[in-house]
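As a plain string of letters, each chain reads:
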Amino acid sequence: MEEKKIFKVTSNPIVRTPRGTDRIMLDVLIGLVPALAVGIWQFGLNAAVLLAVNVAACVFFEWIYRRLMKKNNTIGDLSAVVTGVLLTCVMPSNAPWWVGLIGCFFGIVVVKQLYGGIGKNFLNPALAARAFLSAAYAVYMTSWAVPAAMSGTVDAVTMATPLSYLHNGDALPEYYNYLNMFLGGIPGSIGETSTLAILIGGAWLLLRKVINWRIPVSFIGTVAVLTLIFGCEGYGNLDWMLYNVLSGGLFLGAFFMATDYSTSPVNLRGQILYGIGCGAVTVLIRYFGSYPEGVSYAILVMNCCAWAIDRAMRPLQFGISRADVKAKKAAAREAKKNAKEGAA
Amino acid sequence: MPYKYYGGVHPDYAKTAAKTPVRPIAPPKQVVIPMVQHIGAPDHPTVKVGDTVAVGQVVGYNDAPVSAPIHASVSGTVVAVEPRRHMLGDMVVSVVIENDFKDTPCEDMKPLTPEQLKDPEAIIQRIRDAGVVGMGGAMFPTAFKIKGAVGKVDTLIINGAECEPYLCGDHRTMLEHPEELLKGIELVRIAHGLDKCYYGIEKNKQDAIDLLNSLDPASYGIEIVPELVKYPQGAEKMQVKANTNREVKPGGLPSGVGANVVSTYTCYTIYRACYEGVPSIERVVTVAGDCVPEAQNLLVRFGTPLEHIFAEAGADMDRVERICMGGPMMGICVADPSAGSIKGASGLLLFSSEINRESETPTCIRCGNCVAHCPMKLEPIYMYMYVMKGDIKKMEEYHVMDCFECGSCSYGCPGRLPLTHTFKLGKAMINAHRAEEKARAEAAKINAAVAAEKAKQAGKEARA
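Residue numbers (my numbering), protein chains in the order written: chain A, 17 to 360; chain B, 79 to 542.
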């Protein structure tokens, strides 16, 4: 008898979006290109070396860990590359390459893989690595090279970031003007200096629907509103707000770090709350903390709350209105009251 | 103006067959007519081996209210009444008819008289007799649906969204039989006892919208509503929301908010049953997919073995990995192509392994696309987690039962999680759990009664 061909059976849907995890991660990498380009242009070879080492190290650690643990190989999803690039973005260019290597090990193995790999880590690997390095190698992590744009203006090898000036209550030197802050001619971490470059990358992510507007807008908006309201002695409120928004890693954090899938809420209302939380903690740290910069710690703090926010901010089901929820609550209260009276 | 709803996805619509006219295919040598072509009680064969049947003759019937008779789609001799493979997988009693290619018409069903065409009772009776079921794919007996809705609903919505990719049968019907279609819709409206109804059509069928509008739909009591192009626009609950801004309650039916939804091809079938006296014996089937040289719309008689349809369409069966009945988003895979075509099969899609994007190691990256896409505003990411854990209580808390399996979450998942599939499993688990609880409660009741009886007996004996 002729053998009959039996066809494969799978559940619906039969078709799936062509956008897999690898394509999303590639979009994130494309979005980081402008910021990195500015970083390498401003900080030169050091930045390029750090980038190469970090990317190679992240991919290698991910590969070797998965191999040793006899798990499937996940370097193809490009998430390790993204971690390497992001870690480079939040490191000063003066940091030696081996510091980056240690950071990659911490980020990939301890923060990401020990919790089960992509999607399971509760802290952003790049930011957790930066926090670890800041604690372990504080000297290397706070030595800011003079960007190329300033090499004629100042006669030094390293200098302080605008935020350290603000944190100490010193008046900002003249070349830390809004234009330089916006374009990227200021000292800082490799990928955070140019707001414009990050905005271009962020626009790409929004255009490709990799992220939505909720987290970046609520994050930056909260920082802007809070600093505008509370201001600071010695600065005009508007000036103070603009300094706070344009300096430090706020834009990089809001567009590329806080929107990290694994560590942010999935519910849309929750994402707004999360963004507001990030902004509020950033401002708190900048006002009252001992560090000048608060974005990375604010995001790490809110990372820990992401799952709780998801549970607290669950969407209302289709067919359930706010009135229904209220009625249900009222009925529950009534029942409780009746039960109490019955018992009494 | 159509109302918006949350979520949904925009798959590649691939409606390449939209410009291809419907082509009747050569009837097959043999048709295999399964006795299950609707939701509800299966039919009992009313013919035996050796009987001669005519086109449109009843071959399967069941008295139950939720049922629909089944008619012979060719004339010829019954050669077997035996269990055969159904498209959806089970072995089902089927009537196998050897075609004599004479197409002898059956004289049982006459067109309705002009008076009857105005009488809701007569129309509903004819819908029942003609074996009309929901042709959108649900296959719910239409007569029962209308009967249950009359008096309770104030809005009738005809579903012309055809939001599934590839499918073009409804679109072609609108273009090729606009007047008949409008008359069919009018019949459904009269059956509901309403003065007006909505006809929701997705805007990507602009030519059909223009054509229907040019035929003065208002004189039939129809308002055409151009709708957003978004999947799952054609889902019942989405249609009700888009046309009336009412939201069907979780676990409820559209009639719960005073609306009823009937699909386009159902209306056309009703037109043919009432005006022409032709029962539900054939339908337009879009045959498409990457294993078909050209997507086409074929007029297929029910019971035609799928192999015959594929041969007519010129499909390259060696490359085919999966056969999909219906659209690619909610369609069901068919394992055995010798099965006979059924009333709900609006499309037959042949996909090679190139279309298959399932992963062997699905990984959630918590991107939240599933939450953003779920039209029921559920949280598939957490539902998936709890189903995988088998936590019944949490599954209910996260409303797994309210998923209507549209597939939007799985479609948009970059980690290739089998979300929709898992929710089907979860529903089965919840149902099994509920049945178990019920059985347990009943057993406890019986045991308590037995114990009480025993105690009574013991008391009597002690007294004696």
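By construction, these hints were calculated from the structure, which means they are not laboratory data.
Ideal Cβ placement from N, Cα and C applies to all residues, glycine included.
Possibly wrong hints are sitting among the right ones.
Dumping the calculated DSBU-like pairs for lysine-lysine here, alpha-carbon to alpha-carbon at most 35 Å [as the list claims (entries may be wrong)]:
id	chain 1	residue 1	chain 2	residue 2
1	A	K225	B	K281
2	A	K344	B	K281
3	B	K472	B	K534
With beta-carbon atoms standing in for the labels, derived distance ranges [said to hold, decoys possible]:
id	chain 1	residue 1	chain 2	residue 2	range
4	B	D294	A	K353	24 to 30 Å
5	A	K87	B	A506	28 to 34 Å
6	B	D141	A	K353	50 to 56 Å
7	A	I118	B	P440	29 to 35 Å
8	B	Q284	A	T26	29 to 35 Å
9	A	A355	B	A530	25 to 31 Å
Hints versus structure:
Proximity of K225 (chain A) to K281 (chain B) is assessed by CA-CA distance (about 24 Å); at most 35 Å being required, the pair is judged to hold. Distance restraint check for K344 (chain A) and K281 (chain B): the Cα-Cα separation of roughly 39 Å exceeds the 35 Å cut-off, and the hinted pair is therefore not satisfied. Taken as a hint, the K472 (chain B) and K534 (chain B) pair is broken in the structure, with Cα atoms around 43 Å apart against an allowance of 35 Å. Distance hint check: the CB atoms of D294 (chain B) and K353 (chain A) are about 60 Å apart, inconsistent with the given range 24 to 30 Å.
With their beta carbons about 30 Å apart, K87 (chain A) and A506 (chain B) fall inside the hinted range of 28 to 34 Å. Separated by about 51 Å at the C-beta atoms, D141 (chain B) and K353 (chain A) satisfy the suggested range of 50 to 56 Å. For I118 (chain A) paired with P440 (chain B), a C-beta distance near 33 Å keeps the hint of 29 to 35 Å intact. A hinted range of 29 to 35 Å holds for the C-beta pair Q284 (chain B) and T26 (chain A), which are about 34 Å apart.
With their beta carbons about 28 Å apart, A355 (chain A) and A530 (chain B) fall inside the hinted range of 25 to 31 Å.
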